[in-house]
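Colleague: Sequence:
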Amino acid sequence: MSIKKNKLLTEVCTLLWPEICPFCGKASRAGTCPECREKLRKLEIQEPRCMQCGRPVRYAEQEYCRDCAETRHFYDQGYSLWLHRKPVNQSIYRFKYQNQRRFAAHYTAELTRAFEGQVRRWRPCLIMPVPLHKKRRRARGYNQAELIAEGLGRAFEIPVDAASLIRKKNTVPQKELDRQGRMQNMKNAFMLADSFLPVRTILLVDDIYTTGSTLDAAAFTLKQRGVQKVYFLTISIGQG
Numbered sequence: 001m002s003i004k005k006n007k008l009l010t011e012v013c014t015l016l017w018p019e020i021c022p023f024c025g026k027a028s029r030a031g032t033c034p035e036c037r038e039k040l041r042k043l044e045i046q047e048p049r050c051m052q053c054g055r056p057v058r059y060a061e062q063e064y065c066r067d068c069a070e071t072r073h074f075y076d077q078g079y080s081l082w083l084h085r086k087p088v089n090q091s092i093y094r095f096k097y098q099n100q101r102r103f104a105a106h107y108t109a110e111l112t113r114a115f116e117g118q119v120r121r122w123r124p125c126l127i128m129p130v131p132l133h134k135k136r137r138r139a140r141g142y143n144q145a146e147l148i149a150e151g152l153g154r155a156f157e158i159p160v161d162a163a164s165l166i167r168k169k170n171t172v173p174q175k176e177l178d179r180q181g182r183m184q185n186m187k188n189a190f191m192l193a194d195s196f197l198p199v200r201t202i203l204l205v206d207d208i209y210t211t212g213s214t215l216d217a218a219a220f221t222l223k224q225r226g227v228q229k230v231y232f233l234t235i236s237i238g239q240g
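Every letter in the sequence shown is one number past the one before it in full-length UniProt numbering, and letter 168, counting from 1, is 168.
In case anyone wonders, no lab produced these hints; they're calculated from the structure. For glycine and all other residues, C-beta sits at the position ideal for the given N, C-alpha and C. Hints are not guaranteed to be accurate.
[Unchecked claim] Now the in silico label distances, taken between C-beta atoms and shown as ranges:
1. ARG121 - GLU19: 30 to 36 Å
2. ASP76 - LYS42: 25 to 31 Å
3. ASN99 - ARG123: 18 to 24 Å
4. LEU197 - GLU157: 18 to 24 Å
5. GLN239 - ASP76: 19 to 25 Å
6. CYS24 - ARG225: 39 to 45 Å
[To be verified] In silico DMTMM-like links for lysine to aspartate or glutamate, alpha-carbon gap of 25 Å or less:
7. LYS96 - GLU19
8. LYS229 - GLU63
9. LYS223 - GLU70
The task is simple: from the sequences and hints, build the whole structure.
Modeller: Set out below in structure tokens:
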């Protein structure tokens, strides 16, 4: 294709599918619009953080949030980029349920910007997305966590394994349950393919961290098969 035709095709695609801000939906060639970028700046989690789940804590001397101080987690450590509030929660909803797969590129870029140094320190051998049950994936057409994991894999040049961790239990959506219900809901939710060969360190990727029940269940399954360290990244986290 000639340069002139390629340029014309690009212009046509831009008219038909204009770039939009993934947080408010307004047309924005820069991706995230200036107004939303300012809102995101206020929602981005800074130190001091919980040393385990990464949730913001009040004092620098406070090592763990109340949840992590009271709960045994099977993952080792993790971080989330933003608090799960408007406009982040609305954006993630559209990403998951309204086929806005293109938002994955924005999330990946922001996660890479914020956590590249930390991921290098963790030195994961593999990146794994938290899987959907096959029925839910078939209905949705894609796994939103897998889209983010693939982007991070390219950014960090780390292999992505989206096949070995399997959701064997078609769980009730976590948002419909209280904390105890979420823990029970995720019990024995995952299994590993027989072909999985354990590696030392794995980075799990998901969209939202609420209580950590999903990530705990996945980490427990991985450690049962010999994985030594399990870390995570998510787009957002609840205040707790």
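Colleague: Does the Cβ distance between GLN239 and ASP76 fall inside 19 to 25 Å?
Modeller: For ASP76 against GLN239, whose Cβ atoms are near 22 Å apart, the range 19 to 25 Å holds.
Colleague: Are LYS223 and GLU70 close enough, with their CA atoms no more than 25 Å apart?
Modeller: The hint holds at about 21 Å.
Colleague: Would you say the C-beta atoms of CYS24 and ARG225 sit inside 39 to 45 Å of each other?
Modeller: 43 Å, holds
Colleague: Assess, step by step, whether the Cα of LYS229 is no farther than 25 Å from the Cα of GLU63, and give holds or violated.
Modeller: Given that 25 Å is the threshold and the Cα spacing comes to 20 Å, the pair holds.
Colleague: Can the suggested window of 30 to 36 Å be confirmed for the beta-carbon pair ARG121 and GLU19?
Modeller: For ARG121 and GLU19 the Cβ distance comes to about 34 Å; the hint holds.
Colleague: Please check whether ASP76 and LYS42 have a Cβ separation lying inside 25 to 31 Å.
Modeller: 29 Å, holds
Colleague: Quick one, are LYS96 and GLU19 close enough, alpha carbons at most 25 Å?
Modeller: Holds, at about 18 Å.
Colleague: Quick one: are LEU197 and GLU157 within 18 to 24 Å, going by C-beta?
Modeller: Holds - the Cβ-Cβ distance for LEU197 and GLU157, about 20 Å, lies within 18 to 24 Å.
Colleague: Starting from the hint 18 to 24 Å, judge whether the C-beta atoms of ASN99 and ARG123 obey it.
Modeller: 35 Å, violated
Hint check: a violation occurs at hint 3 only; the rest are consistent with the structure.
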